[in-house]
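Letter by letter, the sequence shown follows residues 1 to 263 of our numbering.
If you are wondering where the hints come from, they were derived from the structure by calculation, not from laboratory data.
If you're wondering where the values come from, they're calculated on a predicted model, not measured in any experiment.
Heads up, a few of these hints could be off.
To be verified - In silico EDC-like links for lysine to aspartate or glutamate, alpha-carbon gap of 20 Å or less:
no. : residue 1 : residue 2
1   : Lys134    : Glu114
2   : Lys177    : Asp250
3   : Lys134    : Glu65
4   : Lys94     : Glu164
5   : Lys50     : Glu114
6   : Lys258    : Asp203
7   : Lys177    : Asp214
8   : Lys58     : Asp68
9   : Lys134    : Asp68
10  : Lys177    : Glu143
11  : Lys94     : Asp203
12  : Lys177    : Asp89
13  : Lys177    : Glu65
14  : Lys50     : Glu65
15  : Lys94     : Asp250
16  : Lys94     : Glu188
17  : Lys134    : Glu169
18  : Lys134    : Glu164
19  : Lys94     : Asp68
20  : Lys134    : Asp89
21  : Lys58     : Glu143
22  : Lys58     : Asp138
23  : Lys58     : Asp135
24  : Lys58     : Glu176
25  : Lys161    : Glu176
26  : Lys161    : Asp214
Said to hold, decoys possible - Label pairs and their computed distance ranges (CB to CB):
no. : residue 1 : residue 2 : range
27  : Thr172    : Arg215    : 26 to 34 Å
28  : Ala112    : Ser255    : 26 to 34 Å
29  : Asp138    : Ile260    : 19 to 27 Å
30  : Val170    : Gln46     : 28 to 36 Å
The beta-carbon is built from N, C-alpha and C at its ideal position, and this holds for glycine as well.
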Amino acid sequence: MTKGVTTPQVAREDPAINPNALYDFHKAQRGPENVPAVVVATDQAQSIAKDPGHPYAKTRHISFEYFDQRKSNASFGYEHFVSIPPTYDADLAKSWPLILFLHGAGESQHGANESYVSLRHGIPKVILCYDRLKDGNDPLSVEIPLAPRLRKTKQVKQGDKATEPVPAEVCTFVAEKFITVTPSLNMEWGYGWNSSILSALLDELVQRYRIDLDRIHLTGFSMGGYGTWDLALHTPNRFASLVPICGGGDPTRASQIKHIAQW
Numbered sequence: 001m002t003k004g005v006t007t008p009q010v011a012r013e014d015p016a017i018n019p020n021a022l023y024d025f026h027k028a029q030r031g032p033e034n035v036p037a038v039v040v041a042t043d044q045a046q047s048i049a050k051d052p053g054h055p056y057a058k059t060r061h062i063s064f065e066y067f068d069q070r071k072s073n074a075s076f077g078y079e080h081f082v083s084i085p086p087t088y089d090a091d092l093a094k095s096w097p098l099i100l101f102l103h104g105a106g107e108s109q110h111g112a113n114e115s116y117v118s119l120r121h122g123i124p125k126v127i128l129c130y131d132r133l134k135d136g137n138d139p140l141s142v143e144i145p146l147a148p149r150l151r152k153t154k155q156v157k158q159g160d161k162a163t164e165p166v167p168a169e170v171c172t173f174v175a176e177k178f179i180t181v182t183p184s185l186n187m188e189w190g191y192g193w194n195s196s197i198l199s200a201l202l203d204e205l206v207q208r209y210r211i212d213l214d215r216i217h218l219t220g221f222s223m224g225g226y227g228t229w230d231l232a233l234h235t236p237n238r239f240a241s242l243v244p245i246c247g248g249g250d251p252t253r254a255s256q257i258k259h260i261a262q263w
């Protein structure tokens, strides 16, 4: 410190100025220093769809767009795909149920423009098959390649059912009745889903869209199954249902989410 000069306290660390200095993580109204604006938490930040850098998410009959997370309590946020029902704008007073889908480790990004691997299974595959349905295609399947790191593994020989068709009634029900969100985890930030960052993402989404807060559903498989249990335990009063697949959690805390419908 220069003699005679007082260094002011940084506002972000002063609880009298910034209540989030007390780690109010759920509201996630701050971002760490020296982080790009796309993940710095500001109420003024506008969510703008961006190019995922590959053609696999292109649709003609349903809105399916790719976004940066604008609010996070860490040095990163999750890029995410969002589908909107075709009739979303027909009734501006209507609130919609939401499905949050957490993919597995094999569907995580490791390199630039690899978010396509997050679309191979689960809810995003259903949305893409719905678009094929509206195009008149049959069977309702998608052809999306494995991540480059997996193309020489046993998984290639065994197959992972990514190309199996989805029943038309499933495509129609999910795509037309729900807003869906698929975060795409980048392994550069580490393995596993971060519940605090996912909670911040949900906070952002309920401000961005007309979401029925009583009908937020959570599902995921493998790494995403573990993430489903963990996020439910992190915010046990947020979800209407849980569908963890091939996951696990802390059985000593199971009573904290026994009130949530689970499959």
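Checked hints:
1. Lys134 / Glu114: 26 Å, violated
2. Lys177 / Asp250: Distance ~32 Å between Lys177 and Asp250 Cα, so the pair is violated.
3. Lys134 / Glu65: 18 Å, holds
4. Lys94 / Glu164: 34 Å, violated
5. Lys50 / Glu114: 14 Å, holds
6. Lys258 / Asp203: 23 Å, violated
7. Lys177 / Asp214: Judged against 20 Å, a Cα distance of about 15 Å means the pair holds.
8. Lys58 / Asp68: 17 Å, holds
9. Lys134 / Asp68: 28 Å, violated
10. Lys177 / Glu143: Violated - the C-alpha atoms of Glu143 and Lys177 are around 25 Å apart, more than 20 Å.
11. Lys94 / Asp203: 19 Å, holds
12. Lys177 / Asp89: OK: Lys177 and Asp89 at ~13 Å, within 20 Å.
13. Lys177 / Glu65: 17 Å, holds
14. Lys50 / Glu65: 7 Å, holds
15. Lys94 / Asp250: 37 Å, violated
16. Lys94 / Glu188: Judged against 20 Å, a Cα distance of about 38 Å means the pair is violated.
17. Lys134 / Glu169: With Cα atoms ~12 Å apart, Lys134 and Glu169 stay inside 20 Å; holds.
18. Lys134 / Glu164: 18 Å, holds
19. Lys94 / Asp68: The hint is violated at about 25 Å.
20. Lys134 / Asp89: 19 Å, holds
21. Lys58 / Glu143: Measuring from Cα to Cα gives roughly 13 Å; hence the hint holds.
22. Lys58 / Asp138: 18 Å, holds
23. Lys58 / Asp135: 13 Å, holds
24. Lys58 / Glu176: 17 Å, holds
25. Lys161 / Glu176: 24 Å, violated
26. Lys161 / Asp214: Cα-Cα ~33 Å, so violated.
27. Thr172 / Arg215: 26 to 34 Å: 18 Å, violated
28. Ala112 / Ser255: 26 to 34 Å: 44 Å Cβ-Cβ, so the 26 to 34 Å window is violated.
29. Asp138 / Ile260: 19 to 27 Å: Since the Cβ atoms of Asp138 and Ile260 sit about 37 Å apart, the hinted range of 19 to 27 Å is violated.
30. Val170 / Gln46: 28 to 36 Å: 34 Å, holds
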